[in-house]
Amino acid sequence: MLIDFSTLAQRANADGEFALHARFWNATVKLGIGDSNYRLDIRDGAVKSCTPWFGTIAGDLAIVADEAEWANLLEPVPRPFYQDLYAATIHHGFSVVGDTKNYCAYYPAVRRLIELMRECRS
Amino acid sequence: MSNPSARFDHAVGRYVHIDLDGVSHRVYFEESGSGIPLLLQHTAGADGRQWRHVLEDDALRERFRMIAYDLPYHGKSVPPTSRPWWREPYKLTRAFLVSVPVTLAGALGLDRPVYMGSSIGGHLAIDLAIEHPDLFRAVVGLEASAHTPGGYVDEFYHPEISNDFKAHLMYGLTAPMSPEEYRRETLWVYSQGAPAVFKGDLYYYSIDHDVTKTAHTIDTKRVSVDILNGEYDWSGTPVLGEALAKLIPGARYQTMQGLGHFPMSENPELFLSIIRPVLERIAHASA
Numbered sequence: 001m002l003i004d005f006s007t008l009a010q011r012a013n014a015d016g017e018f019a020l021h022a023r024f025w026n027a028t029v030k031l032g033i034g035d036s037n038y039r040l041d042i043r044d045g046a047v048k049s050c051t052p053w054f055g056t057i058a059g060d061l062a063i064v065a066d067e068a069e070w071a072n073l074l075e076p077v078p079r080p081f082y083q084d085l086y087a088a089t090i091h092h093g094f095s096v097v098g099d100t101k102n103y104c105a106y107y108p109a110v111r112r113l114i115e116l117m118r119e120c121r122s
Numbered sequence: 123m124s125n126p127s128a129r130f131d132h133a134v135g136r137y138v139h140i141d142l143d144g145v146s147h148r149v150y151f152e153e154s155g156s157g158i159p160l161l162l163q164h165t166a167g168a169d170g171r172q173w174r175h176v177l178e179d180d181a182l183r184e185r186f187r188m189i190a191y192d193l194p195y196h197g198k199s200v201p202p203t204s205r206p207w208w209r210e211p212y213k214l215t216r217a218f219l220v221s222v223p224v225t226l227a228g229a230l231g232l233d234r235p236v237y238m239g240s241s242i243g244g245h246l247a248i249d250l251a252i253e254h255p256d257l258f259r260a261v262v263g264l265e266a267s268a269h270t271p272g273g274y275v276d277e278f279y280h281p282e283i284s285n286d287f288k289a290h291l292m293y294g295l296t297a298p299m300s301p302e303e304y305r306r307e308t309l310w311v312y313s314q315g316a317p318a319v320f321k322g323d324l325y326y327y328s329i330d331h332d333v334t335k336t337a338h339t340i341d342t343k344r345v346s347v348d349i350l351n352g353e354y355d356w357s358g359t360p361v362l363g364e365a366l367a368k369l370i371p372g373a374r375y376q377t378m379q380g381l382g383h384f385p386m387s388e389n390p391e392l393f394l395s396i397i398r399p400v401l402e403r404i405a406h407a408s409a
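Residue numbers (the working numbering), protein chains in the order written: chain A, 1 to 122; chain B, 123 to 409.
Just chain A, with the same shape it has in the complex (with noise of 0.2 angstroms):
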């Protein structure tokens, strides 16, 4: 597993900065890493469980790509378009769908979250 999601959810309601930015948030994340599916529940801006996922990827936002890319996303000091998820579906391997406004308008949260992932790489 490249991320410690036992740890990911208390990281992020501990956080200032993605607390500002997840406020009024209600959302289900699909991450697909590899072959390994995991949801996160997010309500009312805050990660109310962070657990593998067996059933479809579908969801308010899925981030999905395989778990080489991944792990160049959640490099300390990222390699070039590497550095935000944006970049890294443009022109590495990765894949948002979903619900493109909430994407949008909760991009500063998605952000933060990938940094707290990076903080939580196993």
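Keep in mind the hints are simulated off the structure, nothing from the lab. Keep in mind that this is a model prediction, so the values were computed, not measured. Hints are not guaranteed to be accurate.
Claimed, not checked - Label-pair distances were calculated between CB atoms; the ranges are:
1) A/A58 with B/P371: 49 to 55 angstroms
2) A/R23 with B/E184: 46 to 52 angstroms
3) B/D180 with A/A71: 50 to 56 angstroms
4) B/T215 with A/I90: 41 to 47 angstroms
5) B/H280 with A/N26: 18 to 24 angstroms
6) B/F218 with A/A71: 43 to 49 angstroms
7) B/S204 with A/A46: 49 to 55 angstroms
8) A/N26 with B/T215: 38 to 44 angstroms
9) A/D44 with B/R374: 50 to 56 angstroms
10) B/K335 with A/E75: 35 to 41 angstroms
11) A/H91 with B/S204: 53 to 59 angstroms
12) B/S204 with A/T89: 51 to 57 angstroms
13) B/A229 with A/D44: 49 to 55 angstroms
Unchecked claim - Residues from chain B shown here face chain A by an in silico Cβ test under 8 angstroms; the list is partial:
14) P271
15) E282
16) Y354
Stated by the list, open to error - Some chain B residues close to chain A (C-beta under 10 angstroms, calculated; not the full set):
17) D286
18) F287
19) Y293
Each residue gets a CB set at the ideal place from its N, CA and C atoms; glycine is no exception.
Take the given structure of chain A and dock chain B to it, following the hints.
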């Protein structure tokens, strides 16, 4: 009388009234230094504050009269009072954008200034070299490309998406090793643009600017061309910058390692170490 212990920046700001496309605009600019005029153009949706560190550089102040201006509708250059701009979509065209530094140079009495800009400003460097080769002695295009389609999208001006989206997208265009405080300052400036402006500026960036068939007409003996793109700029990528330079006989290109789309504001110290020799060469060639 000011307190003798007070610390002031060198840059001083003022307004000039210029006619652009038949409309009077009150344009704000800040200037610093003396010598060869150097016009500094900000990126889309931002303003001249992006140049504040460059304006304070002692080495450049000795050789250049640096002038960083806010485009109309940006920063302190508020929209004109003589037209109902609020009834029409804001859209930056090539013709209008080209007219700003050209008219400003005339109003300020600048003798063949050097022009430098980033992003839309980098694109504009090339359009100026094509259209006004005798008005500018040199152009420096930062994060420049021949054509960057795809950016004129509704997500950049949508009632359900705040300015935070644009600001944080721009944060992602900076290099991860740039100082955090300056990455955040770059983001802050972006978050303050009028909501319609960033998308409107991208009309020029993504649609109206296309020099793929005209860049080769630039005569670099009349106006020298330097193009520098940041290693981490995922929009005006190094590949695009180098490809543009190859279209222009005599143009110089370099990749700015460790920098992104906002070199002058995201990591001023590193940017200055790269740009001083470029501007020094231009100054030397002008002597």
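Point to revise | Whether the CB-CB distance between B/A229 and A/D44 falls inside 49 to 55 angstroms | key: Roughly 54 angstroms apart at Cβ, these two residues keep to the hinted range, so it holds.
**Study point:** Distance restraint evaluation - B/S204, A/A46, Cβ atoms, bounds 49 to 55 angstroms
**Key:** holds, 50 angstroms
Exercise for review: Could you tell me whether the CB distance from B/T215 to A/I90 stays inside 41 to 47 angstroms?
Suggested key: violated, 26 angstroms
Check your understanding: Per the CB criterion, is B/Y293 less than 10 angstroms away from chain A?
Key -> It holds, given that the least Cβ distance between B/Y293 and chain A is near 7 angstroms, below 10 angstroms.
Exercise for review: For the range 50 to 56 angstroms, tell me whether the beta carbons of B/D180 and A/A71 fit it or not.
Suggested key: At 44 angstroms between Cβs, range violated.
Point to revise | Satisfaction of the hinted span 51 to 57 angstroms by the C-beta atoms belonging to B/S204 and A/T89 | key: 43 angstroms Cβ-Cβ, so the 51 to 57 angstroms window is violated.
Review point. Does the nearest C-beta of chain A fall within a distance shorter than 8 angstroms of the C-beta of B/Y354?
Key: holds, 5 angstroms
Practice item. Indicate whether the distance between the beta carbons of A/D44 and B/R374 respects the range 50 to 56 angstroms. Key: holds, 54 angstroms
Exercise for review: Note whether the CB distance of B/K335 and A/E75 lies within 35 to 41 angstroms or breaks it.
Suggested key: With a Cβ separation near 40 angstroms, B/K335 and A/E75 satisfy 35 to 41 angstroms, so the hint holds.
Review point. Once the shortest beta carbon distance from B/E282 to chain A is found, is it less than 8 angstroms?
Key: holds, 5 angstroms
Point to revise | Given hint B/P271 near chain A, where the shortest CB pair must fall under 8 angstroms | key: violated, 12 angstroms
Point to revise | Beta-carbon spacing of A/H91 to B/S204 - inside the hinted bounds 53 to 59 angstroms or not | key: Given range 53 to 59 angstroms: violated, Cβ gap about 44 angstroms.
Hints 3, 4, 11, 12 and 14 from the earlier list are contradicted by this structure; the remaining hints agree with it.
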